[in-house]
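*Asks:* Read off the chains here:
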Amino acid sequence: MPASASSPPPPPPPTNSRHEDLIGRLSSSSTHAKLKALRDLKNQIIGNRTKKLCFLKLGAVPPITSILSSAAGGGDDAELNVSLIIQSAAAIGSFACGFDDGVKAVLDAGGFNILLSLISYPNDKVVSAAARSLKFIYQSKLAPRYDFLQGNNMEFIQSLLNSENENVTGLGASIITHSCQTNMQQKALSDTGIIKKLIFMLGGSVTQKEASLESLATILKGNPDVILKFMEPENGGALGTVNELTKDKNARTRLLACMCLIVIRNSSPSCLQDLRIKTKLILILLELLEDDQVGDEAPFALSSLIAEKEDLQVLAFEANVIDKLVNHLRKGPLLSRRLEGILIALANMCSRLERCRDRLLSLEAVKFVTDALSQDSGEVRAAACICLKNVSRSVKNLSAGLFMNENFVVPLVRLLFDDLTFVQVSALDAISNIVVDFLAHKKIFMQCGGVKQLVQLSKSMDSTIRVKAVCALRNLTFLVNDQCKEEILSELTQLTLGSLICDPETCVQEQSLALVRNLVDGPLDSIQHVFAADALLLHAVGQQLQSASKAEVLIQGMYVFTNVASGNEVHKEAVMQELFPPLANDSESVMLKFLHSDDSRLRTAAVWALVNLTFPSSSGAFGRVMKLRNAGVVSQLKNMVNDPCLDVKLRARTALGQSMTSDDGST
Amino acid sequence: MPVRVVETSSALSHPSGGTSGNTLPSACTLLSVGQAFSGTQNVSSQQKDEAWRVNVRIQGCDLDHGYLCGTMEALNVPMADTPVVTFWEGEIVDTKNYTFFTGKWGATSDDDIKHWTKFPSFSPLLSQVEVDGGKSLDLSNYPYIFMRWKEQYFVNVGTDCGLTIAGFYYVCFSCSDGSINGFYYDPNSSPFQKLELKSTNEGRLGFSFSSYELQ
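Respectively, the protein sequence lines represent chains R and C. FYI, the numbering for the first sequence is -18 to 648, going by the numbering used here. FYI, the numbering for the second sequence is 1380 to 1594, going by the numbering used here.
Hints may be right or wrong, so weigh each one.
[To be verified] The calculated lysine-lysine pairs, modelled on DSS-like cross-linking and capped at a C-alpha distance of 27 Å, are:
| # | chain 1 | residue 1 | chain 2 | residue 2 |
| --- | --- | --- | --- | --- |
| 1 | C | Lys1514 | C | Lys1529 |
| 2 | C | Lys1483 | R | Lys377 |
| 3 | C | Lys1577 | R | Lys377 |
| 4 | C | Lys1573 | C | Lys1529 |
| 5 | R | Lys38 | R | Lys85 |
| 6 | R | Lys377 | C | Lys1573 |
| 7 | R | Lys23 | R | Lys106 |
| 8 | C | Lys1573 | C | Lys1483 |
| 9 | C | Lys1529 | R | Lys377 |
| 10 | R | Lys228 | R | Lys290 |
| 11 | R | Lys85 | R | Lys122 |
| 12 | R | Lys348 | R | Lys377 |
| 13 | C | Lys1493 | C | Lys1529 |
| 14 | C | Lys1514 | R | Lys290 |
| 15 | R | Lys177 | R | Lys228 |
[To be verified] Pulled from the structure, derived: some chain C residues nowhere near chain R, Cβ distances all over 10 Å:
| # | residue |
| --- | --- |
| 16 | Thr1419 |
| 17 | Lys1483 |
| 18 | Thr1496 |
| 19 | Pro1566 |
[Stated by the list, open to error] Quick look at which bits of chain R chain C covers, simulated, 3 or more residues with Cβ under 8 Å:
| # | region |
| --- | --- |
| 20 | 407 to 421 |
| 21 | 501 to 512 |
| 22 | 534 to 547 |
| 23 | 595 to 604 |
Calculated directly from the structure, the hints in this document are not laboratory data. From the three backbone atoms N, C-alpha and C, an ideal C-beta is built for every residue, glycine too.
All chains should be modelled from the sequences, with the hints used to inform the complete structure.
*Replies:* In structure tokens, the structure reads:
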């Protein structure tokens, strides 16, 4: 039987068109259709970042906010209205959850204030939905800060924390975690009894415990007075409760309890002195490193526990932290956040203790660190640099030439070109240490184009980059042979170095002068570098000594002159000219000023210059002694033979003795 | 500086005396990083008189931890083709991090006293050191710095070079002129090998100072 040819089914509309259709339905005149669209949309975006972004770009947030706003204003069918509020609030929350672009869209569309107004809505489910969504917004750094000290705002926070509704108390805690930043705010929250309420929440559900632990850490951070209050017996052994929570079955609760204790320990070192607690924290954090849920954050918590604290680094070393962190690196590949955390924790372990650096090197783990220098994530690259910086603080290993090879130098020099400033800064720090190298292999660094790039960065507009680049050049110039000095100078030029000495930033001036100091150290010929180009560098140093006020700048400047004054007659006389310019009043000479300085390091540097200027076997010593005597320097030296600083005292005696010998020799 | 291997050395280990109390020695510029010293080590034995030329360079200094390190280059070592360079680490006797009692490297307190008393500048301290190793002394303004230097590894030759660095040096540094005197101690080597060094100025008419800054 003949039949009409059937047409094929129409193809499904393209994805974007389906999404647009869904957004279109949000503006339907039918409330039921709107409700269904809201549910569909919410279900699609939950936990799906790609979909969130897609709907965001198609402009989904404003119509949802509009539904929320209308429904919050009331409607004919109360039950349907409540459903609309709950669904639209939930959809807004989903956009905001863990997604800053979503938070921004919600804030731009005015959703935040509507949600806030719904906290006092006479329906608990609505309040719950609004509180939940607000909590997500407050987890983002984009959320507005809440001003606790204004008007009745503190009462509002108290009312939230007093609520029977868990989402509402959670919101109260989130607002504190996000907004409490100053000591005054911490004190105000503590004085109004908020801490007591948060301690009460520690006995609640998992959500309440966690929200409370985070808030408590925020209120206690860096505030020993508030910590003291927290520890008061009337708070029912709150410290003990937090301590107990480090054993909770929930990994996130354990992590947050550890972080709270770390905040207490870091802010008030007299607390938590018990060695067992410190060791326990280290062991728990190591164990949490294995956890899928909180394993990314655990190494950062460990870092905050051990950073800058040698005693804790010793404990961590004894607990095999280095081996365990390295085992994770071996297991790789790791996601960037976890890799960053482990590298930072290793960096902190190696910041002070040689035995930690030795252990890391003996485990052959540095390979993982150098590999990380080429990772896609800027944070990981920077963390790897920080780790290398701390490992290379070991003079023992620098002396063995361990770091001056292409495995380290090539990737680090490459990072000097990085697009991210914080990566460049970290790479500069690592390079500054590595180029100290005592084995005279500095050429390797130069062959990799390192000097060229350091010189480029020394001209950066960013003063942090500038000072670190000059510091690296200074360290590179330390005990370097003359050929390398020539190469550094030909790239840097006298002119640029001269302007760096007069840089607007004093820390750049200091490093530049230290660089010149190294430049004129070593073989006698090195001194000639400051006499090139009409003694441009020597004059720049002289000018800086006449005008600068920061002791560190003056100290480096004086050592440049000390080193130059250890040369021949011409060199010594040139230093005299700079220190005592022909037309200046001798009684106001910088030399006298420095000899009177309160800073013993500056007095030492100044007296060393005098030791060299009066050096007995130099032919012009007598003339210089006369000049120094006329300028009141010799009589000041006599006052310094019992200087409270041993170094100054001894050098003053030497210089004075030489001055006397010079006098005697002349008669 | 390395010495000839006589027989396998036996180093016994005790925890070193970390004590609390006194102020640290003030920084002495002549003992700062980059400073160089040269002189001799007398390695004479009963068989013959012998002295090796020695150069020392300070590479690291951390007064808070009583730590100093550097290299030692022995120039005319008979069994070596090239100068032999070793890296050493020093303990500064600051009575806070370290006392006069070594407590390790095979040195008893009697050995310590025997060696320290070889330095004339030690005699005013002797009676107190005999009581408590010097824990209660304030050396912060004393014009001599006492140290122990222990070589840690060979920089430019292998460990099979026929030399040993098993021992350590008792060292006395004069803050006034930068001279260094030392005595090598190794139960298996000739006793009291004397190290004598002077601050060098590399052909200059005066003193020169370089520096670096670790990040």
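*Asks:* Each hint should be assessed against the structure and marked as holding or not.
*Replies:* How the hints compare with the structure:
Between Lys1514(C) and Lys1529(C), the direct Cα distance comes to roughly 21 Å. Compliance with the 27 Å bound is thereby established for this hinted pair. At roughly 21 Å between alpha-carbon atoms, Lys1483(C) and Lys377(R) fall within 27 Å of each other, so this suggested pair holds. For the suggested pair Lys1577(C) and Lys377(R), the alpha carbons sit about 24 Å apart, so the restraint of at most 27 Å is met. For the hint linking Lys1573(C) to Lys1529(C), the alpha-carbon distance of about 15 Å falls within 27 Å, and the restraint holds.
Note on Lys38(R) and Lys85(R): the hinted pairing holds, with a Cα-Cα distance of about 12 Å set against a maximum of 27 Å. The hinted pair formed by Lys377(R) and Lys1573(C) meets the criterion: a straight-line CA distance of about 25 Å does not exceed 27 Å. For the proposed pair Lys23(R) and Lys106(R), the alpha carbon gap of about 17 Å is at most 27 Å, so the pair holds. For the hint pairing Lys1573(C) with Lys1483(C), the CA-to-CA distance comes to about 21 Å; that is within 27 Å, so the pair holds.
A distance of roughly 12 Å separates the Cα atoms of Lys1529(C) and Lys377(R); the hinted pair therefore holds under the 27 Å criterion. Proposed proximity of Lys228(R) and Lys290(R) is supported: the alpha carbons are some 25 Å apart, at most 27 Å. Straight-line distance between C-alpha atoms of Lys85(R) and Lys122(R) comes to about 10 Å, which keeps the hinted pair within the 27 Å bound. Simply put, Lys348(R) and Lys377(R) have alpha-carbon atoms about 19 Å apart, close enough for the 27 Å limit, and the pair holds.
The straight-line distance between the Cα atoms of Lys1493(C) and Lys1529(C) is roughly 18 Å, inside the 27 Å bound, and the hint therefore holds. Distance hint between Lys1514(C) and Lys290(R) is fulfilled; the C-alpha atoms sit about 25 Å from each other, no more than 27 Å. Of the pairs offered as hints, the one joining Lys177(R) and Lys228(R) holds, with about 22 Å between alpha carbons and a cut-off of 27 Å not exceeded. A cut-off of 10 Å between C-beta atoms confirms that Thr1419(C) is not in contact with chain R; the least separation is 23 Å.
Every Cβ of chain R is farther than 10 Å from the Cβ of Lys1483(C); the closest lies at roughly 16 Å, confirming the non-interface assignment. With a closest Cβ-Cβ approach of about 24 Å to chain R, Thr1496(C) is found to remain outside the 10 Å limit, as its non-interface label requires. Under the 10 Å C-beta cut-off, the non-interface status given to Pro1566(C) relative to chain R holds; the minimum distance is some 25 Å. Interface restraint, the region 407 to 421 of chain R with chain C: holds (7 residues with C-beta to C-beta distance below 8 Å; minimum three).
Coverage of the region 501 to 512 of chain R by chain C holds in this model, with 5 residues showing a Cβ closer than 8 Å to a Cβ of that chain against a need of three. Counting residues of the region 534 to 547 of chain R whose CB lies closer than 8 Å to any CB of chain C gives 5, which reaches the minimum of 3, so the coverage claim holds. With a threshold of 8 Å between beta carbons, the proposed coverage of the region 595 to 604 of chain R by chain C holds, since 3 of its residues qualify and at least three are required.
Checked against the numbered hints given earlier, this structure breaks none of them.
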